[in-house]
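Novice: Which chain is which? The protein sequence lines are A and B, in order.
Under this note's numbering, the first residue of the first sequence is numbered 1, with each subsequent residue one higher.
Under this note's numbering, the first residue of the second sequence is numbered 1, with each subsequent residue one higher.
It should be emphasised that the hints constitute simulated quantities derived from the structure, not laboratory data.
Just so it is clear, the structure is predicted and the values come from calculations on it, not from any experiment.
Do not take every clue at face value.
[Unchecked claim] Covered by chain B, per the in silico footprint, the following chain A stretches (three or more residues, Cβ under 8 Å): (1) 11 to 20; (2) 87 to 94; (3) 97 to 104; (4) 116 to 122.
Yeah, the Cβ is synthetic: ideal placement off N, Cα and C, and Gly gets one too.
Number of protein chains: 2
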Amino acid sequence: MTRAHSACKIKVQILCDDEIAMGPGKADLLEAFAREGSISAAGRALGMSYRRTWLLVDTMNRCWHSPLVETVQGGRKGGGARLTDLGTAILAQYRQLQADLDQASGGAALHALTATLRERPAPAQSPRSPAKH
Amino acid sequence: MTRAHSACKIKVQILCDDEIAMGPGKADLLEAFAREGSISAAGRALGMSYRRTWLLVDTMNRCWHSPLVETVQGGRKGGGARLTDLGTAILAQYRQLQADLDQASGGAALHALTATLRERPAPAQSPRSPAKH
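This is chain A alone, in the form it adopts within the complex (with noise of 0.2 Å):
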C-alpha cells in the first residue's frame, strides 16, 4: 500500500517467497474488479494493458490457497470476472493493515522527525558534484 500520512508514505507488500502476492498496485486492482466486473474494464480503470493486468491477476491467484479473482462465463455482458470470497476478504485484511500503520506512524518517532523536515528542499547548488572526500 501507499498511503500520506502528513509527510509519511508507508508502502506495505506481503510476499510470497520472491512474489507480491499483495501490495498498493494489486489492492487497487481488487478494487477495480469489484466496481467494474471485468479484466479489461479493470485494467483500463487503472490505465493498465490487458496483458499486464491479467498478469497481476494471474500472480495474485497463484500466492493464496485458492484464487482472489475468478472468471465467470457467459451471461447476459458475455462473461467477466469477479472478486471470491477470498479475494473480499483479503482486500479488506489488507486494507484493514494499511490502518493500523498509518495510525503507528502517527506516532513520537515521525513527529520528532518532521520537527526538522522543511516544507520543500533547499534549492540545489552548483557544482552538481564537489570535490572528493
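Add chain B to chain A, keeping to what the hints say.
Specialist: Chain B alone, transformed into the frame defined by chain A:
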C-alpha cells in the same frame, strides 16, 4: 525502510515536497557514513558510484533544516565526511519509526492475511494469457 516481518515488507519514506528526505537506501547510507567516514568509502560499501552517493547526500542535506552529513577538510586522512548531530538524530528516529511499524504489523490483520498465503506460488499455467473477459 524495508523490513521483513514474516511475509510482510514495510517501506517507509519521509517526503519533502516531491523529494525523498529519508527512506531505506538513505538510512543505510547514513549508517555507512557513521562507519566509513567518507563519501567514497560509504558509497563503495553499498556498491554505489561516488556521484550517486553524493547526489543522495545532497538531496538529504537539502530536505532538512540543516545538513545530515558534513564534509571535513584536512586531517591525517586528507578530509572525509561524517554525520552531523542532526544526521545522527534523524537516523535514530527513522529506525525507531521502522521498529514501531514492524511491531504494529504483527497484529491480527497480518495474521489473518498470512493464514491463507501459500509458502510459494503455484506454478504458472500456459497459456500465459487467457481469452478476454
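Novice: For each hint, tell me whether it holds in the structure or not.
Specialist: Okay, the hints, checked on the actual structure:
{"no.": "1", "hint": "11 to 20", "verdict": "holds (count 8)"}
{"no.": "2", "hint": "87 to 94", "verdict": "holds (count 4)"}
{"no.": "3", "hint": "97 to 104", "verdict": "holds (count 5)"}
{"no.": "4", "hint": "116 to 122", "verdict": "holds (count 7)"}
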